[in-house]
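Line by line, the protein sequences are chains X and A.
For the first sequence, counting from 1, position 11 maps to 71 in the working numbering; every step adds exactly one.
For the second sequence, counting from 1, position 62 maps to 122 in the working numbering; every step adds exactly one.
The hints are simulated quantities; they were obtained by calculation from the structure and are not laboratory data.
For each residue, glycine too, the CB sits at the ideal point set by N, CA and C.
Take every hint as true, because none was put in to throw you off.
Chain A regions said to be covered by chain X (calculated; three or more residues, Cβ under 8 Å):
#1 280 to 292
#2 297 to 309
#3 370 to 378
#4 402 to 410
Next come the chains, spelled out residue by residue.
Number of protein chains: 2
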Amino acid sequence: MPTGAHGQVPGAGALLAILRDGQARTRGELAELTGLSRSTVSQRLDGLMDHRWVVAGEGAISSGGRPATVFAFNGGARVVLSADLGATHARLAVLDLGLTVLAERAVEMPVDQGPERTLGCVVDTFHELLAATGRDPVQVCGVGVGLPGPVEHASGRPANPPIMPGWDGFAVPEWLGARLGAPVLVDNDVNIMALGEHWAARPEVDHLIFIKMGTGIGCGIITGRRLHRGAQGAAGDVGHVRVPASDAPCRCGNTGCLEAVAGGASMAAALRAAGVEARGGRDVVALMRAGDLRATRLVRQAGREVGAVMAAIVNFFNPSVIVIGGDLAEAGEQVLAGVRETIYSRSLPLATQHLSIRVSELGDRAGVIGAAVMVVEHVLSPETIDRIVTK
Amino acid sequence: MPTGAHGQVPGAGALLAILRDGQARTRGELAELTGLSRSTVSQRLDGLMDHRWVVAGEGAISSGGRPATVFAFNGGARVVLSADLGATHARLAVLDLGLTVLAERAVEMPVDQGPERTLGCVVDTFHELLAATGRDPVQVCGVGVGLPGPVEHASGRPANPPIMPGWDGFAVPEWLGARLGAPVLVDNDVNIMALGEHWAARPEVDHLIFIKMGTGIGCGIITGRRLHRGAQGAAGDVGHVRVPASDAPCRCGNTGCLEAVAGGASMAAALRAAGVEARGGRDVVALMRAGDLRATRLVRQAGREVGAVMAAIVNFFNPSVIVIGGDLAEAGEQVLAGVRETIYSRSLPLATQHLSIRVSELGDRAGVIGAAVMVVEHVLSPETIDRIVTK
Numbered sequence: 061m062p063t064g065a066h067g068q069v070p071g072a073g074a075l076l077a078i079l080r081d082g083q084a085r086t087r088g089e090l091a092e093l094t095g096l097s098r099s100t101v102s103q104r105l106d107g108l109m110d111h112r113w114v115v116a117g118e119g120a121i122s123s124g125g126r127p128a129t130v131f132a133f134n135g136g137a138r139v140v141l142s143a144d145l146g147a148t149h150a151r152l153a154v155l156d157l158g159l160t161v162l163a164e165r166a167v168e169m170p171v172d173q174g175p176e177r178t179l180g181c182v183v184d185t186f187h188e189l190l191a192a193t194g195r196d197p198v199q200v201c202g203v204g205v206g207l208p209g210p211v212e213h214a215s216g217r218p219a220n221p222p223i224m225p226g227w228d229g230f231a232v233p234e235w236l237g238a239r240l241g242a243p244v245l246v247d248n249d250v251n252i253m254a255l256g257e258h259w260a261a262r263p264e265v266d267h268l269i270f271i272k273m274g275t276g277i278g279c280g281i282i283t284g285r286r287l288h289r290g291a292q293g294a295a296g297d298v299g300h301v302r303v304p305a306s307d308a309p310c311r312c313g314n315t316g317c318l319e320a321v322a323g324g325a326s327m328a329a330a331l332r333a334a335g336v337e338a339r340g341g342r343d344v345v346a347l348m349r350a351g352d353l354r355a356t357r358l359v360r361q362a363g364r365e366v367g368a369v370m371a372a373i374v375n376f377f378n379p380s381v382i383v384i385g386g387d388l389a390e391a392g393e394q395v396l397a398g399v400r401e402t403i404y405s406r407s408l409p410l411a412t413q414h415l416s417i418r419v420s421e422l423g424d425r426a427g428v429i430g431a432a433v434m435v436v437e438h439v440l441s442p443e444t445i446d447r448i449v450t451k
Numbered sequence: 061m062p063t064g065a066h067g068q069v070p071g072a073g074a075l076l077a078i079l080r081d082g083q084a085r086t087r088g089e090l091a092e093l094t095g096l097s098r099s100t101v102s103q104r105l106d107g108l109m110d111h112r113w114v115v116a117g118e119g120a121i122s123s124g125g126r127p128a129t130v131f132a133f134n135g136g137a138r139v140v141l142s143a144d145l146g147a148t149h150a151r152l153a154v155l156d157l158g159l160t161v162l163a164e165r166a167v168e169m170p171v172d173q174g175p176e177r178t179l180g181c182v183v184d185t186f187h188e189l190l191a192a193t194g195r196d197p198v199q200v201c202g203v204g205v206g207l208p209g210p211v212e213h214a215s216g217r218p219a220n221p222p223i224m225p226g227w228d229g230f231a232v233p234e235w236l237g238a239r240l241g242a243p244v245l246v247d248n249d250v251n252i253m254a255l256g257e258h259w260a261a262r263p264e265v266d267h268l269i270f271i272k273m274g275t276g277i278g279c280g281i282i283t284g285r286r287l288h289r290g291a292q293g294a295a296g297d298v299g300h301v302r303v304p305a306s307d308a309p310c311r312c313g314n315t316g317c318l319e320a321v322a323g324g325a326s327m328a329a330a331l332r333a334a335g336v337e338a339r340g341g342r343d344v345v346a347l348m349r350a351g352d353l354r355a356t357r358l359v360r361q362a363g364r365e366v367g368a369v370m371a372a373i374v375n376f377f378n379p380s381v382i383v384i385g386g387d388l389a390e391a392g393e394q395v396l397a398g399v400r401e402t403i404y405s406r407s408l409p410l411a412t413q414h415l416s417i418r419v420s421e422l423g424d425r426a427g428v429i430g431a432a433v434m435v436v437e438h439v440l441s442p443e444t445i446d447r448i449v450t451k
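This is chain X alone, in the form it adopts within the complex (with noise of 0.2 Å):
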């Protein structure tokens, strides 16, 4: 009998995986792919159809004339609640197992008005999307939540975030989790947009890095197709990366940071002392695109200075895509162009050479879909499927 990656025989969860490409199978099709017999085949797919993962039906007239069953992952059995939280606005949506969008509504929420007034207004604003797909709350089968600060990674709790009052430790998944009545995974912006990313970025990409470039500068980085969050869980926080010749005060106390050259805040600051409006890396974009010179230099020049910076990284890691997502990747050509420019001089050809550098392609939706994702991915895993379904 041909075994799974540890030599171990396949249950019900790496059935589901096999399913979760959308195409139906016989039963004899899912024997001959994973070396079980067929009475095990027919077993598992019990357990999975009482759980409502897969979905019988008719398939082909097979030669003796009568048409086999065949049997299909059931996509829209269950929905995933979504939240991608920002600075002073939120998206939110509803999502089937398939990831396709259900329902979805931007919010403005200040995330500083602290956790429980934030957190009520998406429970709320969850049930109001439920209720608009018509779907009942105990379809829910887990909840994904994107904040804009650091997050520990087995708690999903904010650690110390600077911009959220109040959250320092606050148990979110324990706190929505009561209310919405199924799991909650919580995690930073940055990475659960990278998520979004690599999967919109479909087949086969093993090493991607997402860098956000907005008010701050930060990287989500995926190698092997997983999150590396590295020791700390700090990973990708390069935005406070020394830039040479620049003595720039940054927030962090620091000067000559990244952020403090290439930052929306940054940028938008350089604009007001030359007495232009601008409050952040929007207005920035937003002159810009209406003509204004200055903010055009200031968009280029920091796409340079965030690829002199990723120019190593790239020596250093090898991935095969990076993203630009964030505020600033709204400038489009303008920042990439600077981007690219300065990778393309400093990196190794070796490494380069393949190397796609491209604008996020989910946009401002790349949050809310890879909460999603990281729901999906966990509620679906083959280790969680085989200790739900027991049969």
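Given chain X's structure and the hints, the job is docking chain A onto it.
Just chain A, lined up with the frame of chain X:
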């Protein structure tokens, strides 16, 4: 029944993985640890004993008065051959499966004499070492080789190695395999040194960066306890990261590369320009030890330059350990002080609070140990064992 990582029934490979910690166990203990029935445990142990991976012995007296049979990993049953080839010297060893060195030799072996002469010399030396240990060539279960240049991971063949004329695309695994009768794994020297140091740094280091400071400068990267090779297998190539405020010409054709200011060859050239005889990094370190202040300053400054590049990488990657190896590591505290000075001043406190920065524990044996680690992890992996032990 408790199940394995993928929710599947543990095979013979999983039993062996448990016993590899060196502790002998009874059938009952193994049944309890795996959730397998005692009869299944017995069956798998028989298979493992047939292949001599496991031996049975007499344990402590049990409560019933009769000593229970215990089963132990038979680390001495087979041997691994390991070779770490440098530009001019090589180190070769015979090790058992517990990575105890049984015989070892450092020899002069210039790699520029071409693959057939060099590898012929490797085969001869392996046979002499085997004879010295009294082991028979049939006991060899795998061969590990480190080469001083890029190696294509899938094929184990050198890929455009700059200092290895005649080796490009040479089928090293097939050539050696035909003469040594065992599977051959090949990787570049920095990757195998990282594997060796990771093994020595047990237990529980997830994210380790090994920096080789020699004639050239490069990294081996371990994340999630595996080598990170990147999209083109080019990961870790930090020697050509641009250093600010330098226009020193580099052998790669660019200027201002890290290697051009902190590599052993460039340091020796700087000393020669000042009228001091020095051929490479080893000479620089020897001069430093003899009290030459110019050499001492160069070593310290090389540490700072490497530290400045690594500071950005620490923010990006958040490793728990950085190990410095290669000829320059012989300078010990002088080079370490330079590296630490810049990393601690420029990286984020969260990323450095538990970061250990140290010189190689294994010294010039890191490569030969690491190549053996690569082989043992392959030969004893549950997948390989399950494939062999069919009983």
